[in-house]
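Asks: These are the residues of each chain, in order.
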Amino acid sequence: MKFGIVTFPGSNCDYDAFHAITEMLGEDAVYLWHKDHDLQGSDVIILPGGFSYGDYLRPGAIARFSPIMQEVAAHAKAGGPVVGVCNGFQIACEAGLLPGALMRNANLQFVSAEVRVRIEKSDTMFTNLYERGEVLRIPVAHGDGRYVASAEVLDELEAEGRVIFRYADANGTLSADANPNGSERNIAGIISDGGNVLGLMPHPERACSPLLGSNDGVRLFESILSRVAA
Amino acid sequence: MSEVTPRPGDPTITSALVAEHGLTKEEYERLIGMLGRAPTFTELGIVSALWSEHCSYKHSRPVLKTLPTTASYVLQGPGENAGVISIGDGLAVAFKIESHNHPSAVEPYQGAATGVGGILRDVFTMGARPIAMLNSLRFGSLDDSRVRYLFSGVVKGIGDYGNCVGIPTVAGEIVFDSAYENNPLVNAMCVGLMHEEDLIRAKAEGVGNPIMAVGARTGRDGIHGASFASEDLSAASDAKRPRIQVGDPFTEKLLLEASLELIKSGHIVAIQDMGAAGLTSSSAEMAERGDVGVTIDVTKVPTRESGMTPYEVLLSESQERMLVVARKGHEEEVRAILRKWDLTAAVIGEVIAELVYRVTEGERVVAEFPGSRLVTDCPTYSPDAREAPAIRDLRAADASVVPERAEEKDPAWTLEQLLSAPTIASKAWAYRQYDSTVRTNTVMGPGGDAAVLRVRGTNKAIAVKTDGNGRYVYLDPRVGGRIAVAEAARNVACTGARPMAITNCLNFGNPTRPEVFYQFREAVAGMAEACRALGTPVTGGNVSLYNESPSGAVYPTPVIGMVGLIDDLSHITRASFQRDGDTILLLGEMGGELGGSEYLATIHGEVIGAPPRCDVGREKAVIDALLEAIRSGVVSSAHDCSDGGLAVALAECCIGDRDCESGAEIDLSNYSSFSDRAILFGESQGRIVVSSSAPKRVLEIAQRMGVPCAQIGLVHRHSESLEITLPTGSMRSPLSRLSQAYHSTIPTVMARTPEHATFDELAPVAAH
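Chains as they are written, first to last, in the numbering used here: chain A, 1 to 230; chain B, 1001 to 1768.
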């Protein structure tokens, strides 16, 4: 399977995603240049973290107009998997691939830490190798990660089972202390109504090596493999 | 030589103007002697920048020459943008530390941010990809609201810049002491990784090769930043805020990618950051290294505002710019690479055979200097050096007679006080704002003895750390200089790394004062002794003098940036106790020295006594014994004893890592020749707390290598306290209290609302 990782000017987690896919999963990966219109036959698109266009205006606000995003949107519309991590989540929201928005962290500070994330749903394209209720250790690193949406949208996301990751403590309990950025309802990651676009603030690609502290992100990518291959 | 004509409208050169440019009468005469005529305004500006302390090292160079700089693995020593060492497998590490003290004192956010930007460029111009950032910071007391403003601004500046470029900030240290009240120290270090064959130097070569300005456009910001950094801070410093540069990390990220692509492409022969003194110093230094002439036409330099004079273009310190010597005929290829990254590249001059440094404005020659004399003719000084008698008296004072406070009856009280002293307390408040895991190499991030980064494609890792205790250097510069190097070496060794080489940032006061120059000379001598003994040559660094405010000079603070190499990933060792039932050992000798300690400063408000002795031969032996034990696989954890002594080190082993807390039971009753407090809080050097499940092996190794080593206790993973038996008393501290003291001090202080919030205080935060 081939993963296409988009490099926007200012992307800085493209390299990490590339290495997680190729070294830890042993799958193919290519970098996709933001000015191009070619997905190079990628099966899965990753919108990586970083500071595309320097976060000028708003995180993700300019990147969504990159030429490559037309192709990414078409790929998503056709049911192709798209994973937006951190800045990629922000871009996906700005591009209308996912509802809601990521606002400045509640304490107004950048937060870099390993957090605990609870699996809310295990029958999705991205979590089918996890157990529901399982708690993962995954790093976050962002200044604008507070997920917000209207109450109606939040209720709809919940009702449709589209909130798939929430910040929790080590025991899986939701609390304000476990929420690193003040996200509504401790939301860490959501999927699109078609279930094929994932946006999350934590960095699964940084949790793919026991040497670096956590291996918990690997199954996210393997889940996609198992679903798409099947 | 060409005829140089003053530009219409340039100010007349008067003695006042010369003085304003920071040149002494003698230096000005030397300039006239070199030119054979009076300089133009443009020439005066050029010389003022290049002969500033910041660029010329005129007071420090003769002393710096005494530092050892060679080892078989040193590929590039001092004199380039960064030092480079080989780590085997065809790979090399480039690293350098630099100060941004003066700008940060006036404008903390931009001052710190551009410090990070500058040091990143120094590393990637060598052809290395930056893989880690470190910061060594010194501030006044956190009780002061302006200090809190400086601290939060600097931390945010460091974080916003490094996070955006995508380089993890992994280690460093932060010290709070009123000695730094109005003159904070902000030293940033960058570490990069490269293939040896990609090493490129900033040496102009090849007559006829075009000189190109690439990256951001040139504006009017930061003009005379280098001179500003070469004078004491004063009430008037605030008015020099326009000399402070403004950073754009997004452009830096693009410039980083474009520069590495350029270097790989083979279309260029040299590249250098336009840092301090901008275009002037980068072009003059590249010409001098290559022993060639250069000519630059300032009208060709891409500017971001119109009407800039040659003086302004030459001295601008606009950020995120590089000077490149391209191969003739490859200009278009260079432009294409920069265009890909949405950056500009313009041919602004040429390498010439005639040994002159020439600047033109179109056809008109506005500045010209013979050969490389612009760089080499800068005078050097060896000022008088004399120790201040007051410091000699402080050192002679007997620290052991300071009466104990009543509360000290229970040493647990004292320990909690020390753990909550901002210098010792956890700095997570700061480093949680730094992305420490991007690029997925960080095995151990901030908070341990040193950070560890894996080296992809090998079974190796590198360990990096900065260190420097200004209080020791203040009390005894020779010993303090030794300790700075030894402690940095011990820190990287605690992670399992062999100390390899250092970069250094020497932060001192005004060198024309004999007592300051004495500190400088002695501290460097101490560093040199330690570097020789430990086999860690100096590969470069930076000197920051004139760190003085109206309240006096800062503590003399040499900061050491150490790089160590871990040969096998399985040797990576952590500071926290790991396993229940492990034996705790003290490697090194119990010294009972209280002089210059954090204990005296925090508990008694005293800065007195001789700092702990530092025998560099013994330091080497301790490090060798530790590494031997680690390589033998018998070490579960290792943690250096430093600020706060053995008690603080033990507490940190228990509660430093919140995910891995352990209790411990310690027996120090054998050390009856020392007082309880000297055992607990004395800062004798060359000591490491080791935990092991095979203590006999550790003792054996230590004995074989002639290093004292004693079993002092046991790790109780499930116990909820640290218990210590002493010769005359004992103590028991619940882990919850230790943890509270250690982890919540700084967040609590920083949550305080400012006592006064002026526009000045809020502006930099609001701006981002």
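These are calculated hints, taken from the structure and not from any lab test. Careful, some of the hints might be misleading.
Stated by the list, open to error - In silico DSSO-like cross-links for lysine-lysine, where the CA-CA straight-line distance does not exceed 30 Å:
(1) K35/A <-> K1340/B
(2) K1065/B <-> K1203/B
(3) K2/A <-> K1203/B
(4) K1264/B <-> K35/A
Asks: If a hint holds in the structure, say so; if it does not, say that too.
Replies: Results of checking the hints against the structure:
1. A threshold of 30 Å between alpha carbons decides the hint, and for K35/A with K1340/B the separation of about 9 Å falls inside it, so the pair holds.
2. A distance of roughly 21 Å separates the Cα atoms of K1065/B and K1203/B; the hinted pair therefore holds under the 30 Å criterion.
3. At most 30 Å may separate the alpha-carbon atoms for a hinted pair to count; K2/A and K1203/B exceed this at roughly 43 Å.
4. At most 30 Å may separate the alpha-carbon atoms for a hinted pair to count; K1264/B and K35/A meet this at roughly 22 Å.
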